[in-house]
Each structure stands twice: as structure tokens, then as C-alpha cells.
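Trainee: Protein chains in written order, with our numbering: chain A, 10 to 301; chain B, -2 to 281.
Errors might be hidden in some of the hints.
Said to hold, decoys possible - Heads up, incomplete: computed chain A residues facing chain B, CB under 7 Å, no partners named: (1) Ile40; (2) Pro124; (3) Phe236; (4) Val280.
Hints listed in this document are in silico derivations from the structure and should not be mistaken for laboratory results.
All C-beta atoms in this analysis are idealised placements derived from N, C-alpha and C, irrespective of residue type, glycine included.
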Amino acid sequence: MKKMAAGHCVRKPQREWAAYLFLLPSMAGLIVFLLAPFAETVRRSFTNALGTQWVGLYNYQSVFHNEAFRLAAGNTARFLCVCVPLLLAVSLILALAVRALKPGGRAFKTAYLLPMAVPVASIALLWQVLFAEKGLVNGRLVSLGVQPVDFMGTGAAFWVLIGTYLWKNSGYDMILWLAGLDGIPDSLYEAARVDGAGRLQCFFHVTLPQLAPTLGLVSVLSLLNTFKVFREAYLVAGSYPHESIYMLQHLFNNWFLSLDMGRLTAAAVLVALVLLVIVLPLQRVLKGAEQL
Amino acid sequence: MNRKKHWWLKTALCVPAVLVWGVLWCMASGALTGQAELADALGPALGLPGSESYARWPLLPDAPTLQPMAELTLDTPQFFAMFWNTCRLAFPQVLGQILVGAPAAWAFSRLRFPGRRMLFGLYIVLMLLPFQVTMVPNYIVLDALGLMDTVWAVILPGVFSAFPVFIMAKGFDAVPHSLLEAAALDGAGPLQTFVRVGLPLGIPGILSASVLGFIEAWNAIEQPMTFLKTPSLWPLSLYLPQISSSALALAMAASLVMLAPAVLIFLFGQKYLELGIQASGLKE
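Same shape as in the complex, but just chain B (with noise of 0.2 Å):
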């Protein structure tokens, strides 16, 4: 019926879509480009001398080489270093908020006990408490028992975060009451129940937990830069920001290498991703 509309309305998103997909493709070209092309590129930008005119991007290289990604892999281990301290940084937090806060998460949707409305109620009071609020306290704790400046001052206070409790537990809230009375007749304990019944069918919830955690905690800035001092436990994310210009090519493949595992675990989990964000906004 309205098929030239809708040609008119595909126009008009592209626009955005390209400015998506065109900083993917500079990251992408970026990458593949080798030094000595990069620093003519880019020269400009980034004050280095001899260059007049102003930057451009080597959109398409004009000769492509794998040979800083391969220096990068193979000769640098202050890399390895660094990609190493994001994964120790991540994934524990990313396990632990499930360890932690699926069976939370499973009291408080399908367990009826005095206080859970109070105390779900003070789950989403503390969820919606931003980095600013929180790292005074997280920092007082954190120097009290001697963790700071270690991997555990941004894993642990990552770990008892509110917010994948609350995500959990929307997803746990699928699960029917039916099937829950139904194992407590087979004689199946709250334990039992919990792990037979509730861990299966509450898989969506713990994914949406899990993508949403995941990005968070290998995005994050203000957690590593506030509690770790010392440089060589830093992740990649406080590193690229500041890297020289003598080494564009590196940097440039060393940025496609931070961001390849979150743009993969986001188109796997973009279902689970869309389920997270819509139940971060289901009224109780």
C-alpha cells in the first residue's frame, strides 16, 4: 500500500545507521592500514610535523597489511598484559553477579517472605545509585580491608551490584506458579526447585544479566581508574585513551581487538540484550 513511504522512511534511517556503521568501518580500514599510511592520514589531527592540509581517514588503505595486528599479537606483550587485566576484570565480575544474584534474584520473584517488598523496593533505590554516590563508600571498605590497588576492589563492589538482581528476577517472574507447587508435591525442596525448575527456565533473565554485565564491565572506566593505581593492573580501556602517536598502527589495531568481543557478544546476545533493557524498565 505504502511501499514509497516506506522507500522515503529507509532513506532517512540510513542516515543514522551510517554514522553507526561508518565508525565500525574506520575502526575496521584503521586497522588494516600500516604505520607509515596512518601517520600521513592522520598527521594533521594529531600535530605531528610536517603536515599542512587536514586529516583524512584511509577509508579504503592503499595498501592493506595485517602486519600491525600481527606485531600486536605476536611482539607485544604489554598488549597481552593489558587485554589479559580486562579479562580478569570482566568475566569474574560478570560470573559473580550471577553466583550472587540469581538465587536473590529467584527469592524475591517467586518466594514470599516478610520484608520482600521493602527490601526489593531498597534493591531498586540502590540500582539507581550512580558511580558518584557509590565510590566514596566502595573506596572506605575497599582501604579498610587492604584491597585497594588490586583486582578485587573493581571486581568485588562490581559483584554485589543491584541492578543484574533486578533483571534476573524479572526473567524468573516467567516462571509459573504451577510448575513451582507442582515440584514442592514431588516432594522437591526450595533448593531443588531453585536449581531443577528455576535456574532452566530463568536461562533468559540470567542472559540479559549477563550481556548487559558483560558490556558494562568491559566498557568500564571510573571503577579502574578510581581504585587501581598501579598501571600495569590496568585494563585496556584506561590505556587506548592516551596512547602516543608514534605507534598509531598498534593503537589502531589494539582498539579493533578491545572492541571485537563486545560488538560479537552483542550481536550473539542482542535478544537477550533487548530483553535486559525492556525489563530494566517493567514497572513492579
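Chain A on its own, in the form it takes in the complex (with noise of 0.2 Å):
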């Protein structure tokens, strides 16, 4: 038997007690809201629309066969690919020029950050207007002589919204870049540069190695954020956006109102599957990371 710690270690049961206090409204909340309507959502993937009748694999099946879920999905990860990196590269570049004006750099943090609060409904005429084949940016495109585009009717939708997308979140990716850039001591810089290292050789062999732990981080929060993506591409095009734009949340919501539970019930298994493949081992990594 393990002898009980000395001093401060004793676990007191009263105050025991009062932590699950302390949790129980929100444990209550969680477990009503969402995992026991989880559990039966699972459940529910393997029966009819009912829920009265055991289909076994059926309806996964019939989201895979369907045509519309390929397309989102494939849209989905096609824009994961191009937005995370490209998300990654322009925070990072945001972070270390505002952290090298230092103090002047104040201002262009907020201006950075800014875009998080404004909110996508308000300036979604805005947004209409610039991206019509009359509109703004085809005005001043005609105006330099080049060609105008349908930024609407084709694939160009998609990098609309790419660059919507970096410009709402690149702010909050630049605070955990600077926030990850404040944790490199400085004693590593002056070793290097008592090395000889130049500003470049600096950065590649001191910040970029140091940032690898910040790196997996803001990877995974990234990725997640992504997934909110159907708020500009609400923005951008409305409930009917060009296929190229065409989301998980999109088809989701055709699910939903024509109530086909039978296919939401598995595609929502398959993200949060898919989540916990992608998410986990990345977290692996990070403890991994930690503990060197």
C-alpha cells in the first residue's frame, strides 16, 4: 500500500467534494448537449432515418456513393491544403516584422488583428460589390488593361475565399507566432551571434528550430478554424456558391432541412473520426516536443 504524501499532498475529501461541485453545471451541460446526444448520434449512423431499424453500414455507404459529399469533402481538404500553409507562411511573416518594429509595431497589430471582430455579415455587400463582374476589383482590373474576371461564376471563387479566409484570421495566427517568438531566449541569439551566425543563418538555425513546438500548434488550431470556413463562404456567395466553394457546412445544411438524418448522423461520425486521426498523433508530437 502507497503511504499517503506528507504536508500539503493529503487529498481532503471535503475539498474533493467541492471540485465536482465546481464542475457539475458544466459536466451537467456538456453530457445533456453533447456527448449522450453524441452517443446516439453514433448509434443513429447505423440505423434508418428512424432510428427504429438496425441498417448496419448503410448509410456510410450512401455517403460515400454520394456525389455532393465528394464534392464538399474534396473542396473541404482541397482548401485545408492551400489555406493552412498558406495561413502558416503570412502570420509568420506578419509576426516577425511587427516584432521587429518593436515598439512601432503596435499599431500594425491591431490593424492585423482587427478583421477577427468584424463581423462577415456586415460586410458582405461590401464584398459583393468588389467581387461582381461589374464590380470594383474587375473596374480597376479593365481600367490597368487586363482581362476581367467572373470571380463568381468560376473556379476563381475559390482563391476569393482563400483570401477572405487570410484576411479575417491571419491576426490571430500572428499572436501565437508572437507569443511562441517571446518564448526563444535571447542567450541563444547572442551565442549565435558570438558564433559568427549572421541575421539570415539566425533565423534559420535559431528561431525556425526553436518555433518547431509553436509550429504543431497553431497547425492544429489553424486546421480547426478552417472548418469555420462557411462563414465566408456565406459571405462570398450565399447559400448557392460555385461548386468549387461548395463545403461540408453547405451540404450539411441540405441534409439538415430536408431532415436526412440517416446520412448527417455518419457524415458527422466521419469528421470527428477523421479529427481525432489528423488532431491526435499531431498532439503526440507536441508532447513529444515538450519534453526535449
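Join these two chains into a complex; the hints should help.
Mentor: Written out as C-alpha cells, the structure is:
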């Protein structure tokens, strides 16, 4: 039998009860609104739409064979693959630049973070005018002698979406990078300079390796935030977008309107599984990096 | 030493900054422009008849006017209803998140009990779930409780979100254990310690969670779109993107009024917003 540790490590039953009481409202809500119904969601993904009859993997097959699902999943994957690296690069550059300015960087920091607070709905009209066929951007292009682009009716919509997403979310990642940069001890730079390292060498041999744990974190958070890209898609194109920006949330909305519970539950479980598969190994990597 | 370099850097940094301030400028100038001038300038982009060339934005209105703003605030009850709807969804959500979340965050951060690490891990996983995953479980409960198509359908799932608990727990981590021991020696119970020591010292974390929570709730589109069917319950975020071009000036004024609270809260709470973002990135 283990001996009780001395001093303040002794667990007092009264305090433990207090902890559970503090947790109670939050836990109860999570169980009622998320955990219990999630179990029900998993169960219903294996039954018919009414939840009365076991149908095995039928719902999952039906999801996989669905054209719209393939389109939405493909677009979402494509968006993740293009957007996350771009977002990481842009926000890192902004963070490095803002930091290089030291006191003067404050105003820029505010400016880059501000779009985060701008409600998507409030700038919808401006975006429509910007990217319409006879819109502001095309007007500028034509005056420069360039062919106008049909932004909303072609695959260009995808790039408008990427641009909008970067515009709105770079600030958030920039703050995360800045926190990571602040965590690098000055002594490392001094040591590198003593060894004769220049600015670029300092960056590649000190800054980048030291940012590795931050990179993992920023990637996970950016990846998860991109699932919210529906807002930007809705801003750019309303409920009926060009097929290049038809995202999972559009599909889920459609299935929801027709109350297609079979497919909806199966697809929700699939998204959860894919996220777990992506995020858990990344977290392992992070934990590993921390122990170094 | 390297003044010159900074000069270049500043110029380069101005480009993305202009993209941000430019948008806000456009919103402000648009809201101060009259209907006729707006229709004339934006008409080509919105497909209004009788316009050939490309659209332009009235960056400096020819005849600045407060008329649309006055019309919006004085004669447009529908707008007020929707503004009120947005408030009715956002404020109770943030308030609930703090009332429910702060004690839980305190327990995770400053109390020791069996199962703590496992439960906190569970919160982190739940916090990471996107709406695509949570909407179906939420719907199943809301439907069973008969809450669909009421404001509670948006408020309640929001209140029990795991994210604010995580942020506030990071804030409470700054409360030194020595203070808690001192409070215990003075005979304070767990509740007194939380209220007298934890809450005052955890204010930065609570503010961080509030600012992030408010911006999220004010911007929300997916949740009201899914859980609210009756248009009279809709917040501004659902209405503004489909405004008709016949009421351009009103729409511009309404957009500015929706933008203003979020931007003001941002400007006053920027410090806490940054703290909150940093907390979301801190390893456990």
C-alpha cells in the first residue's frame, strides 16, 4: 500500500467534493447537450432515419456514394491543403515584421487583428460589390488593361475565398507566433552571434527550430478553424455558391433541411473520426517536443 | 542603427494594414452616403438597370448625409427587432459561459481531484470539435426538449461550450497557491476562496473568454441558420447578406451598426483578446 504523502499533497475529501460541485453545472450541460446525444448520433448512424431499425453500414455507404459529399469533402480537403500553409506563412511573416518594429509594431498588430472582430455579415455587401462581374476589382483590372474575371461564376471563387479567409484569420495566428517568438531566450541569439552567425543564419538555425512546438500548435488550431470557413463562403456567395467553394457545411445544411438523419449522423461521425486521426498524432508530436 | 531598414519595413507593413482600414473606411463612408448616390455608384455591380460601366465605391460621398442612419434608427422597427435578436442571442450566451464555466475552470486550474487530467483532456477534445460534428447531437437534444426554433436553441449549446472553460482555466493558473493556502488557514471554505481570491485575480482570464465569446456569438451564422426557422427570430448576421438592392442606403447603415459593437469591444478589449488567443495556444 502506498503511503500518504506528507503536507499539502494530502487529499482532503471535503475539497474533492467541492471540486466536483464546481464542475457539476458545466459537466451536466456538456453531458446533456453534447456527450449523450453524440452517443445517440453514433447509434443512429447505424440505423434507419427513424432510429428504429439496424441497417449496418448502409448510411456510411450512402454517404460515400453521394456525389455532393465527394465534392464537399474534396473541396474542404483542397481548401485545408492550400489555406493552412498559406495562413501559417503569412501570419509568421507578419509576426516577424511586427516584432522587428518593437514599439512601432503596436498599431500594425491592431490592424491585422481587427478583421477577426469584423462580423462577416456586415461586410457582405462590400464583398459583393468588390467581386461582382462589374465590380470594383474588375473595374480596376480593366483600367489596367487586364481581362476582367468572373470571380463568382468560376473556379476563381475558390481563390476569393482563400483571400478572404487569410484577410480575416491571419491576425489570430500572428498572436500565436508572437507568443512563440517571445519564448525564445535571447541568450540563444547572443550565442549564435558570438559564433559569427548573420541575420539569416540566426533565423534558420535559432528561430525556426525553436518555433517547432509553436508550429504544431498553430497548425492544429488553424486546421480546426478552417472548418468555420463556411462563414466566409456564405459571405462571398450566399447559400448557393459556385461548386468550387461548396463546403461540407453547405451539404450538412441541405441534409438538415431535408432531415436526412441517416446521412447526417454518418457524416458527422466521419468528420469526428477524421479529425481525431489528424489531431491526435499531432498532439503526440507536441507532447514529445515538450519533453525535449 | 537601422532606421532606414525600418522605414522599408513600415512601408511594406502598410499594404496589409490598408486592406484592413480600407474596408472599415468603405463601411463608414457607405453608411454616410444617400440612396441615390449609392445606387448610382454600386448599381453596375448589383445588376441595377441603366448602368453600363463598372462599379465604384463612394470613398468620399459627394453629399454626406445622416439620413439613412436616422431612417434606420427612427423608422425601421424590423431592424430593431433583428438587432435585438442578435443581442438576445449573444449576451445571455456570454453571461452563461462565465457563470457555468468559471467554477469549472477554477476546479481544473486550482483544485486537485481524481480524474482531473482525464476530464480536462475531454474538455480539450470537445473544444476542438467543429460545428459540423456538434450540430447533429445538438439538434437531437433540442428537438427532444422541444427547444428548436427558440432562442434557447442557440443560447444553451453555446453556454456549455468547452472553449471558455479552457481559456479561464489558463487565467486562473496565474493565482499563486500560497494565497490559497493563506485563505485556507484563515478558515475560508472552497466557495469563499473561489469568490474572494479566485474571481478577483482571475478577471483577466474571464475578460479574455468574454471578448472571444462575444465576438464569436455576435458573428455566428451557422447556429442560428440551423436552429432558427422563424425569420422573426433571426439575428442580423442572417439578414444582412441577402438585403435587396432597393434599400442600399439602409443596408449600409445597418451593416455599420452591426460592425460597431464588435469593433468597439475589440478595441477596448484587445489586450484581453490577445491574452485569450495566447492561452488557446499554451500547452498544458
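Trainee: For the hint on A/Pro124, just tell me whether its beta-carbon gets within less than 7 Å of chain B.
Mentor: holds (6 Å)
Trainee: Any CB of chain B closer than 7 Å to the CB of A/Phe236?
Mentor: Constraint on A/Phe236 satisfied, holds at 4 Å.
Trainee: Quick check on the hint: A/Val280 CB to chain B CB, less than 7 Å?
Mentor: holds (5 Å)
Trainee: Does A/Ile40 pass the interface hint, meaning its C-beta sits closer than 7 Å to a C-beta of chain B?
Mentor: A/Ile40 check fails; min Cβ-Cβ to chain B is 9 Å, beyond 7 Å.
Of the numbered hints given earlier, the model fails hint 1 alone.
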